[in-house]
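Trainee: If you read the sequences in order, they're chains A and B.
FYI, in the working numbering the residues of the first sequence are -16 to 188.
FYI, in the working numbering the residues of the second sequence are -16 to 188.
No lab work stands behind these hints, which were simulated from the structure alone.
Be aware that a few hints might be false.
Claimed, not checked - Okay, derived cross-link-like pairs now, SDA-like style, lysine to any residue, Cα gap no bigger than 20 Å in a straight line:
{"#": "1", "chain 1": "B", "residue 1": "Lys(-11)", "chain 2": "A", "residue 2": "Asn37"}
{"#": "2", "chain 1": "B", "residue 1": "Lys(-11)", "chain 2": "A", "residue 2": "Lys(-11)"}
{"#": "3", "chain 1": "A", "residue 1": "Lys(-11)", "chain 2": "B", "residue 2": "Asp58"}
{"#": "4", "chain 1": "A", "residue 1": "Lys(-11)", "chain 2": "B", "residue 2": "Glu25"}
Protein chains: 2
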Amino acid sequence: MELPSKSMERAVQELSRLPGIGRRSALRLILHLLRQGNDRMENLATSIQDLSSNSQFCENCHSISDVALCSICNDPKRDGKSICVVEDIRDVLALENTHAFRGKYHVLGGLISPMDGLGPGDLTIDELIEKIKSNGADEVIMALSSTMEGDTTAFYIYRKIGDLSLKLTSIARGLPIGDSLEYADEVTLSRSLQQRVLFESTLSK
Amino acid sequence: MELPSKSMERAVQELSRLPGIGRRSALRLILHLLRQGNDRMENLATSIQDLSSNSQFCENCHSISDVALCSICNDPKRDGKSICVVEDIRDVLALENTHAFRGKYHVLGGLISPMDGLGPGDLTIDELIEKIKSNGADEVIMALSSTMEGDTTAFYIYRKIGDLSLKLTSIARGLPIGDSLEYADEVTLSRSLQQRVLFESTLSK
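With the hints as extra help, turn the sequences into a complete structure.
Mentor: Have a look at this one:
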């Protein structure tokens, strides 16, 4: 399927490099853009250009930001002694949506995954340890996915900072709110039994 | 879900205006682009920018092209007296893939669809009639979708050029190659009965 226009061919190729977008979808998007007119295309091109030139990593939490220190790290009301360790910026957004955390974050930029060629050196684990050692922290909360990669990464960090005098916690694993018990898998159910909490504490929330 | 970076927010907004891409998918794509580095982002932005500044409609067939006359219309080996009328450039690509047509195309730029506010004036029907009248044509083949919009558009064109001395044809409707008869719908089946062809003609292909 050769396209009659070279600039169209190039745009389709660039778009189809994005995950989940094949050649057909890319062509559909490009035709949509062409129908929408030049303004829409210019806007999209400029926004990606701006993203490329403006975005940087927050120097404290390594999240993506337009400025040296992101809005969360720059917020004086937030407790910098409580650090929530997450995989990427999407997890920050998800946790921020809950309004349940008033500390600061540390974005690892991925999880240890030998299969994908990602080792501890590719993540911001050294920066996390450096930050804890120099600034001090009361609590480090691991908010990582409950996968092999998440557990490996959490364990690696635990081995590195486990002997420092701080509270090292992990978000609770258990039966999701609204789920029925009969459909829960054994591992989740056994974990939620082991880590049962005082009934009183569920009432106060 | 407010993003910490303004340039990211803008890029997500622009991307999520594309059909089939919601805010979540847009964010996923943007994070992928950020991981891929600035070069990939610049390439994508430039390709869309180029598309916007370079693409134009072929002055003969109204397909999208980098130059005034697209490669198909510019091909002296193709028969300009045989015109295949299609909805958009994707149909041109699909028909070109068959290698079964050696004439030229006419891209309508859509189908008559009152529900979407598209009337005959929004399409290149006048240009088609003008082209036929001034250049002459031996055959006009309607290769439009078998939908209400496709049938309406074909009928509209038929009413406009039906009294000119040329062969006006439509691509065959019938049982798709490889399909079993028991699963075909009644309309397709009754049409394929009405428009049955000499068995001999199927052998020669």
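Trainee: For every hint, state whether the structure bears it out.
Mentor: Results of checking the hints against the structure:
Distance restraint check for Lys(-11) (chain B) and Asn37 (chain A): the Cα-Cα separation of roughly 9 Å lies within the 20 Å cut-off, and the hinted pair is therefore satisfied. For the given pair, Lys(-11) (chain B) sits about 33 Å from Lys(-11) (chain A) by alpha-carbon distance, which is inconsistent with the 20 Å threshold. Distance restraint check for Lys(-11) (chain A) and Asp58 (chain B): the Cα-Cα separation of roughly 17 Å lies within the 20 Å cut-off, and the hinted pair is therefore satisfied. Distance restraint check for Lys(-11) (chain A) and Glu25 (chain B): the Cα-Cα separation of roughly 18 Å lies within the 20 Å cut-off, and the hinted pair is therefore satisfied.
Violated hint: 2 only; the structure is consistent with all others.
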